[in-house]
Amino acid sequence: MTKQQEEAPQSGTPETFEVVEAEQRTGARYKGVYLLPNLFTTGALFAGFYAIVAAMNGLFENAAIGIIVAGILDGMDGGVARLTNTQSKFGAEYDSLSDCVAFGVAPGLVAYSWGLSELGKFGWMAAFIYVACAALRLARFNVQAETTDKRFFIGLPSPTGAGLVATLVWLGASRGVDGNDISWIVALAVAGAGLLMVSSVRYHSFKEFHIGRVPFKVLLGVIVAFAIVFLDPPLVLLSVAVIYVVVGLLLNLWQLRKRSDS
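If you read the sequence shown in this note's numbering, its first letter stands for residue 1, the second for the next number, and so on.
Honestly, the hints are just simulated from the structure, not real lab data.
Treat each hint with caution, since some may be false.
To be verified - Label-pair distances were calculated between CB atoms; the ranges are:
| no. | residue 1 | residue 2 | range |
| --- | --- | --- | --- |
| 1 | Thr42 | Ile223 | 24 to 32 Å |
| 2 | Leu59 | Leu256 | 39 to 47 Å |
| 3 | Thr42 | Ala139 | 18 to 26 Å |
| 4 | Val222 | Phe122 | 40 to 48 Å |
| 5 | Val214 | Lys121 | 22 to 30 Å |
| 6 | Ile223 | Ser174 | 22 to 30 Å |
| 7 | Val214 | Gly58 | 40 to 48 Å |
Here a beta-carbon is modelled for each residue, glycine too, at the ideal position from N, C-alpha and C.
Sequences are here, hints too, so could you generate the full structure?
Below you can see the structure in the form of structure tokens.
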């Protein structure tokens, strides 16, 4: 998950877009926020809210796509903030609240509407476990952001957990599957994703890879990857999410075994 870093604005940046008091030529004092990165955060928040509304109206494919779009926008806001030197404490807090809606509340409600409602108490308990774990995951990330290894996430990242739930709903809805027919599978997937978010399993963040000059073959590989995704977006994206989750679990088990043998 990308977060807008809590850094003070450097000299030379326009103070009209930062949450600090500044003095205008008239002598009046005012407050402002950085506009560009927070527009991406607002877009992610809107996509999460749209997913909830779409699920309430039975448009489950649109709801799932809304969560995926929120994930894309969430991955861009922090990068834009760093690129334009517009990181701020306000942006970090706003981003976290947006994530709680888009990757916590929205996936839980979408999954509940699609395939958990007929389970009664077990259904809403599974959805609530996911929502509560997503909120706890975000709170823990905010507290530990400055002390953990940047190469790894502790626990499944909330955008990945949301993507796992969303693509499951998207795949089922696109195939005409009624989620209530596989309600126990949905419940296990939703609750499991939530528990993984608050686990101690380490997942690679890929933050050491920076966008810049790359060999031509890398660009070709990206083009091929996009082509594969567009062949069947819900199936491919769900497969990627499942592989990411399973690889993280296997690597964690392997490391635990190495420690026990040493």
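To see whether the hints hold, each was checked on the structure:
Between Thr42 and Ile223 the beta carbon distance is about 30 Å. The supplied range of 24 to 32 Å therefore holds. In this structure the hint that Leu59 and Leu256 lie 39 to 47 Å apart at CB holds, the actual value being about 43 Å. A beta carbon spacing of about 21 Å between Thr42 and Ala139 agrees with the range 18 to 26 Å that was offered as a hint. Under the hint 40 to 48 Å, the C-beta atoms of Val222 and Phe122, about 42 Å apart, fit the expected range.
For the pair Val214 and Lys121, the supplied restraint of 22 to 30 Å is violated, since their beta-carbon distance comes to about 51 Å. At roughly 24 Å, the beta carbons of Ile223 and Ser174 sit within the given window of 22 to 30 Å. The hinted range of 40 to 48 Å is satisfied by Val214 and Gly58, whose Cβ atoms lie roughly 43 Å apart.
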